[in-house]
Amino acid sequence: MADMRAHRRTAVLHWVGVHSLAVAAALFFVLPFVFLLLTSLMSDQQALTRELWPRTWEWGNYAQVWHTPGFLTWWRNTLLYAGLGTVLTVVSSVPVAYALAKFRFRGRRLALLLVIATMMLPPQVVVIPMYLFWAKQLDLSGTLWPLIVPLAFGDAFAIFLLRQFLLTIPDEYLDAARVDGCGEVRTLLRVVLPMAKPGIAAVALFQFFYAWNDYFGPQIYASDNPAAWTLSYGLESFKGAHHTNWNLTMAATVLVMAPVIVLFFFAQKAFVEGVTLTGVKG
Amino acid sequence: MTTAADTPRTPALRARHRRAALRTLAFLSPWLIGSAVFFAYPLLSTVYFSFTRYDGFRPPVFNGLDNWSYVFTDYPLFWPAMRNTLWLVVVMVSCRVVFGLGVGLLVTRVKTGAGLFRTLFYLPYLAPPVAATLAFVFLLNPGTGPVNTLLDAAGLPAPGWFTDAGWSKPALTALAVWGTGDLMVIFMAALLDVPKEQYEAAELDGAGAWARFRHITLPNISPVVLFAVVTGVIQAMQYYTQPTVASKAAAGIIGGSGQQTEPGYPGRSTLTLPQTVYHLGFQRFDYGSACVLALVLFALSMACTALLMRRRGGLAGAGD
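Protein chains in written order, with the numbering used here: chain A, 1 to 282; chain B, 1001 to 1320.
Keep in mind that the hints were calculated from the coordinates and are not lab data.
Glycine included, every Cβ here is placed at the ideal spot set by N, Cα and C.
Hints should not be assumed to be uniformly reliable.
[Stated by the list, open to error] Here are a few chain A residues that sit away from chain B, every Cβ distance over 10 Å (derived from the structure):
{"id": "1", "residue": "D44"}
{"id": "2", "residue": "G60"}
{"id": "3", "residue": "T68"}
{"id": "4", "residue": "L84"}
{"id": "5", "residue": "L140"}
{"id": "6", "residue": "T143"}
{"id": "7", "residue": "V179"}
{"id": "8", "residue": "V191"}
{"id": "9", "residue": "P194"}
[As the list claims (entries may be wrong)] Listed next, the stretches of chain B that the computed footprint assigns to chain A, with coverage defined by at least 3 CB atoms under 8 Å from CB atoms of chain A:
{"id": "10", "segment": "1117-1124"}
{"id": "11", "segment": "1233-1243"}
If we strip away everything but chain A, and leave its shape as in the complex, we get (with noise of 0.2 Å):
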């Protein structure tokens, strides 16, 4: 009876030790959260004084934001890098990873490690002759063509992962395609796109952040023309001219958060799963 309780009482210790740590835990993650959302609707002289709790609250903050000249265009630019970028992204890399999971054929082993490992390369080895190109040979800087056009021909980190979803699709259901006989592309566009859609689903939603979060792509092709600047990009400039309107900027911040956090909220599963094939399944 007493082994029993004191059993009991070590549960119920442990319980509370670890949900304790877990509340800590949730403090650092979300406390800057909260910070940010206090100051967005302070007003600008409270947001350079030590208070955390808004005096009064400026919801016209995020009208204020939302009407600066040219936070709608660098709003529609972003769309369009991230939304044509993941469309062109899934469609040139699904093929691409097809092969590489599913054909049998000499040098399938050396064309994976060239995806990983450009997949591991930082875009600065690149950037200058691409940018020379770009901006000398085609007078396309100033635009985001560059950022978008190079997403037409796969991108490594897209092709690794779809590839690593892919092998978990077993082969007898290709087969038995085939034994239909259909070709490679129909049983690709009937069999394994119906089948592989969690893996494009992880895909496109990292591609879309990719897109959405960049921020020397833009610097590099487009600093100079503000009519194509991104989010990302403009975000930083958001400051006053003279001195940092906190209140502002942190308004600013959350508008380009919020949809980011609101498409996790939809696409969870997507996104969890991407993230573990990359670093887990072989």
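Use these hints to put chain B onto chain A, whose structure you have.
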């Protein structure tokens, strides 16, 4: 595109193999074209430009190893960038891995509200880097930031964070640790894959919590730990957006207008290798020397990637 063992002997077989090879090429073609145009060609150009004096207007002029000796001996930002990168590789990566593993362990033990905790821990990973960095520069603002206000209230020292050369890298590390949700997810998946029987057997043998972690958990998840370390090192070498935005925003607080002459404020302490490529190429228009730096970055990244792939045959697809 067939293996030597099944070399076709009859014309019909040979035709079928040729069709298979063409089909493979067709499926791979987007990437084959893309990597030739957007990777192989520019990489070769980078190598070529690194041996030339080139400002983007006048044609490149061959100047031998001048750029290379300039970057390694006379370019004042190179060694600070290398030192900062080394610091980030050692401190930032270990903090992220230890913290990510700790949070992963914690989440697998939470009984009540596990889904909520997991979501809360993951969210910062999604915050756009520019937005997250601006938020942290504000939060850690030495005069009026909420963090220092709280530290003050708790009677703790309140450092200058992004405006103090001794604290700017710890501040960047805090930002990176905040966004550790990706590591939490992969550690969590690995932890849940550890066979339960091993824990039960160890418990019967009277192994304590630490012994179980040390002798069962760690060996089982070590491939994932290594993956996290190596990809972390690669990320640290590529670290660009956060240090760039942080130094500009922090200089803006002090300087007022956000103007800044030299990257890496305060005192070159947030300067990383990718920033030097940008600085020499796009601010000084010395494309030749910038290409030297790009190649240094290339060599370092390839070394890490090779490490990752050599050890982890599975990632390279040897297992299937």
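Verification of the supplied hints:
1. Annotated as non-interface, D44 of chain A keeps its C-beta farther than 10 Å from every C-beta of chain B; the closest such distance is 13 Å.
2. Consistency note on G60 of chain A: stated as away from chain B, and its beta-carbon is indeed over 10 Å from all of that chain's, at 20 Å minimum.
3. Against chain B, the non-interface label of T68 of chain A holds: every CB pair exceeds 10 Å, the least being about 15 Å.
4. Here L84 of chain A stays apart from chain B, with its beta-carbon at least about 16 Å from theirs, past the 10 Å limit.
5. Residue placement check: L140 of chain A keeps its beta carbon more than 10 Å from all beta carbons of chain B (closest about 14 Å).
6. Look at T143 of chain A: its CB is around 17 Å from the nearest CB on chain B, clear of 10 Å, so calling it non-interface holds up.
7. With 10 Å as the threshold on Cβ separation, the claim that V179 of chain A sits away from chain B holds: the shortest Cβ distance comes to roughly 16 Å.
8. Listed as a non-interface residue, V191 of chain A keeps its Cβ farther than 10 Å from every Cβ of chain B; the least gap is roughly 15 Å.
9. Listed as outside the interface, P194 of chain A is consistent with that label: its C-beta sits roughly 18 Å from the nearest C-beta of chain B, beyond the 10 Å cut-off.
10. Three residues within the 8 Å Cβ limit are the bar, and the segment 1117-1124 of chain B against chain A gives 7, so the coverage statement holds.
11. Against chain A, the segment 1233-1243 of chain B contributes 5 residues with a C-beta closer than 8 Å to a partner C-beta. That satisfies the three-residue criterion, and the hint holds.
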